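These protein sequences, in sequence, are chains A and B.
Residue numbers for the first sequence follow our numbering, beginning at 1 and rising by one.
Residue numbers for the second sequence follow our numbering, beginning at 1 and rising by one.
Honestly, the hints are just simulated from the structure, not real lab data.
The reader is advised that the hints may include incorrect statements.
[What the hints assert, rightly or not] List of simulated lysine-lysine pairs, DSS-like, C-alpha gap at most 25 Å:
| id | chain 1 | residue 1 | chain 2 | residue 2 |
| --- | --- | --- | --- | --- |
| 1 | A | 453 | B | 3 |
| 2 | B | 62 | A | 385 |
| 3 | B | 3 | A | 305 |
| 4 | A | 538 | A | 491 |
| 5 | A | 263 | A | 295 |
| 6 | A | 547 | A | 491 |
| 7 | A | 419 | B | 3 |
| 8 | A | 455 | B | 3 |
| 9 | B | 61 | A | 385 |
| 10 | A | 450 | B | 3 |
| 11 | A | 384 | B | 61 |
| 12 | A | 346 | B | 3 |
| 13 | A | 384 | B | 3 |
[Stated by the list, open to error] Just a few of them, taken from the derived set where beta-carbon distance is under 8 Å, the chain A residues facing chain B:
| id | residue |
| --- | --- |
| 14 | 384 |
| 15 | 393 |
| 16 | 438 |
| 17 | 439 |
| 18 | 441 |
| 19 | 442 |
| 20 | 443 |
| 21 | 446 |
| 22 | 449 |
| 23 | 452 |
On a predicted model such as this, the values are computed, not experimentally measured, just so you know.
The C-beta atom is built at its ideal place from N, Cα and C for all residues, glycine as well.
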Amino acid sequence: MQASEKKQKMNIFLSIMTSGKPFYQRDEATMDTMVRHILLNSMIFLGGTLLVIFGLESIKSGAPIQGMFDLSMAGMTLLAFVILRTAAPFILSGFMTVVPYMMLCAFLAVSGGVQGSGVLWIYSFPLLSIFLLGMKSGIALSTVLLFIVSAAVFIPGVSPMKFETSFALRTVGVYILVLVCTIVYEQTKLVKDRWVARLTNALQVERDEITAMKDNLKVGLFLINRDYIIQPQYSKALETVMAETDLNGKSFIDVLSNSLQKKELETLQDYFTMVFNRSYDTQMLEDINPLHQFKYTSLTGSEEKTLRCSFAPIDREDGKVYILGTVEDTTREAELQQQLSEEESKRQEEMRSLFEVIHVEPRVLSDFIVDTEYEFERINEIMKKRDESSSIVVNCIYQSVHAIKSNAVILGLQSFATKLHLLEDELRGLREHMDVSFQEILHITVELEKLMKIKDGFKELIGKILAFNTGDGKLQEEHVLVQTLERVVQKASDDLGKRARLTIAKVDPRAIEHGPRRAIKEVLMQLVRNSMTHGIEKPEERLARGKEEEGCITLTIDMVKDRIEIKLSDDGNGLDFDAIRKKAVELSLVGDEAELQDKSSVLKILFAPGFSTTEKADMHSGRGVGLNLVKERVKELKGTIKLQSEDGKGTVFIISIPPEQDALTGVQTA
Amino acid sequence: MEKYIQPFVDVCVNVFRDFVGAELTPERPHFSNKDDLNEWDISAVIGLTGEARGAVVISMKKQLACHLTGTLTGATHSDLDEEVVDAIGEIINIIAGNAKRGLEEAFRLVISLPTIVKGPGHSVQWPNGQARIICIPFHIFESETFCLSVAIEASNGA
Chain A
1 MQASEKKQKM NIFLSIMTSG KPFYQRDEAT MDTMVRHILL NSMIFLGGTL LVIFGLESIK
61 SGAPIQGMFD LSMAGMTLLA FVILRTAAPF ILSGFMTVVP YMMLCAFLAV SGGVQGSGVL
121 WIYSFPLLSI FLLGMKSGIA LSTVLLFIVS AAVFIPGVSP MKFETSFALR TVGVYILVLV
181 CTIVYEQTKL VKDRWVARLT NALQVERDEI TAMKDNLKVG LFLINRDYII QPQYSKALET
241 VMAETDLNGK SFIDVLSNSL QKKELETLQD YFTMVFNRSY DTQMLEDINP LHQFKYTSLT
301 GSEEKTLRCS FAPIDREDGK VYILGTVEDT TREAELQQQL SEEESKRQEE MRSLFEVIHV
361 EPRVLSDFIV DTEYEFERIN EIMKKRDESS SIVVNCIYQS VHAIKSNAVI LGLQSFATKL
421 HLLEDELRGL REHMDVSFQE ILHITVELEK LMKIKDGFKE LIGKILAFNT GDGKLQEEHV
481 LVQTLERVVQ KASDDLGKRA RLTIAKVDPR AIEHGPRRAI KEVLMQLVRN SMTHGIEKPE
541 ERLARGKEEE GCITLTIDMV KDRIEIKLSD DGNGLDFDAI RKKAVELSLV GDEAELQDKS
601 SVLKILFAPG FSTTEKADMH SGRGVGLNLV KERVKELKGT IKLQSEDGKG TVFIISIPPE
661 QDALTGVQTA
Chain B
1 MEKYIQPFVD VCVNVFRDFV GAELTPERPH FSNKDDLNEW DISAVIGLTG EARGAVVISM
61 KKQLACHLTG TLTGATHSDL DEEVVDAIGE IINIIAGNAK RGLEEAFRLV ISLPTIVKGP
121 GHSVQWPNGQ ARIICIPFHI FESETFCLSV AIEASNGA
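Given the sequences, and given the hints that come with them, work out the whole structure.
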């Protein structure tokens, strides 16, 4: 309580002395004005009190005019005290105080006082008047006082005292000395003030310029100290780039906590230590900068940006080292970079697929395009059927895409096959759930459209290539078929690490001519692949069994009693009934192995959709489409499949189909 | 490309629900050939340009157009008269307007004002070298259908 009372008293005293003007003790710029106020107020109290005393004494001693003059002067100083507390200019109160003080001094000098000591007061006048009123007014008033005092000390009769001439000379001389000294002092001070003002002004201009530059900089500029705290003078752009406000005092590491992993933040701190210690030169520091380019998300979770930061050590006057950091938004740049590299890889892929395409015999490629278009038409037909359920449609698309993919793989059209493979994966995923949404089917449609565009590209290309090689060496249909199958064997041999050859026992050209060429090719490709994957053993295994190292697949296509009979045999391992039973149970296609005791039910499983003994799906087999596709196609052609298998000796597929309706009309109708 | 098509589908569903009071179900899409003959009586063409180029066409038969006009105005129509064309044009305007709002904000796309074409078995001259058109049939009013056909392709560099 006492402390606060004391403080309050102190405050009142301060308020009186400084006329209630707001001065900050620490602010050196206003110190000067504060001192003037205190001095003036002191003068008001001192001079005012003296004037009141003198006034009263004069009245008492029978000089009422003198007394009234003194009192009115005192009143004027009191008025000056009041005016000083208002917003009126300082100089006004200054005059109102200094002029009565001059009168006082003049009165004291003239009246003499004890042993003529009244003149001593005058020496304070030049100092006070020049300090409070400035050079011009101060000098003028001081000069007036000089004349009054001179008159008093030199001219006898002016003062009741009688002054010696030598005393008078000394009195006036010292006064002039004080006045001159004050002028010199004040002048020096003024020059210094002006110089300081000019300096301050220059600094202000400079600072404004720097601020303008800093505020209009596109780059975020900031200083961080040893504790990674962002210093107040950062550039405006920093807030924009970092999508954060009030970064002053925040830790730079914390600001990045949303964008970097813990480990990365630790690396960054290690890096900062290196920057602080100046362990490496600037170039080296830039090279190992972990924030050279990084993905940034602000603490408030704004959208992701790509930023680039760089750091350099900076010495400050206080002897501490800071890091000067710059941060730039390079999102657009990064986007363009990415776009560029995407386009580059797209172009490369185009080149690759172009090479793949021109490596294929044009006749074979045309055949592939015709087949692809046929499959696509099939897909579109089923997509148009409104009453067909989605799962059936998806399955149908799946089979067709698989068929196109198989063909593409055989021809070595890797990039096209990869795209088909991806779509196949998606379709397989869809096949597993019952309900296919519109979005999903739309997506599939769009993807199919993209694939068809690629096919269009092939078609265009093949048109150009064919325009070059006109007519020479047109391949017969059967040669196309044989060549395609040879490619299947070749491709599968390479990929599976097996060795095999395709032997053509007989191909009746009539069968090819009148048969459903595409279906035959498709079925044979699946069967050959099946033989390669499941029938033919690895070379070492074959040698161990006393077989020839190279496996043999034999194809016969013949016309038997107006039906086309296709026989494909291999000298492989034959069917592994136990493995098939086991897998069937694993895939829940049957409840119990006991259901598969007789061989014919095992064969049924073999042709079921989704059945495969291969563990992993690759480009060749393992999706369980192959034999199911064979069954479907043969069924469509109203044909039959026979399967003979001898353990360890091989498997034979015999397919019998009627020729195409329009081809053998006479025979068929009979 | 779905990202450009899906908004049209959604807008169709919403507009028909809000303005006609009919629930639409988009059916399985399929392809149609550029030169395929069609059996539609009235079509509205909305062009797209910008990061993707192409057109979206909404086609329907006379019967459905009259039915829709009837639902909107309360009067019965049996022919593609001016009022029917106006009514269909109005629905298409709303669809284009709504699609514009969504697509132009999300992508660098500009959507044109729709144009109405009528006449039995009319054909639409599709822009760009697109060979195939994706058709999305919509099921409406028990047994009627209309078709949203799309041919859009991403333009390079633009």
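Hints, one by one, checked against the model:
1. A:453 - B:3: Between residue 453 (chain A) and residue 3 (chain B) the Cα gap is close to 19 Å, so the pair holds against 25 Å.
2. B:62 - A:385: holds, 23 Å
3. B:3 - A:305: It holds: about 23 Å lies between the C-alpha atoms, which stays within 25 Å.
4. A:538 - A:491: holds, 15 Å
5. A:263 - A:295: holds, 15 Å
6. A:547 - A:491: holds, 22 Å
7. A:419 - B:3: holds, 20 Å
8. A:455 - B:3: holds, 23 Å
9. B:61 - A:385: Given pair residue 61 (chain B), residue 385 (chain A) holds - Cα atoms ~20 Å apart, limit 25 Å.
10. A:450 - B:3: At roughly 14 Å apart (the allowed maximum being 25 Å), residue 3 (chain B) and residue 450 (chain A) satisfy the hint.
11. A:384 - B:61: Holds, at about 18 Å.
12. A:346 - B:3: The hint holds at about 21 Å.
13. A:384 - B:3: holds, 23 Å
14. 384: It holds, given that the least Cβ distance between residue 384 (chain A) and chain B is near 5 Å, below 8 Å.
15. 393: holds, 7 Å
16. 438: holds, 5 Å
17. 439: With a closest approach of 7 Å, the residue 439 (chain A) hint holds.
18. 441: holds, 5 Å
19. 442: holds, 5 Å
20. 443: holds, 5 Å
21. 446: holds, 5 Å
22. 449: Hint holds; residue 449 (chain A) Cβ to chain B Cβ min 6 Å, cut 8 Å.
23. 452: Because about 6 Å separates residue 452 (chain A) from the closest Cβ in chain B, which is inside the 8 Å limit, the hint holds.
When the structure is compared with the earlier hints, no violation turns up for any of them.
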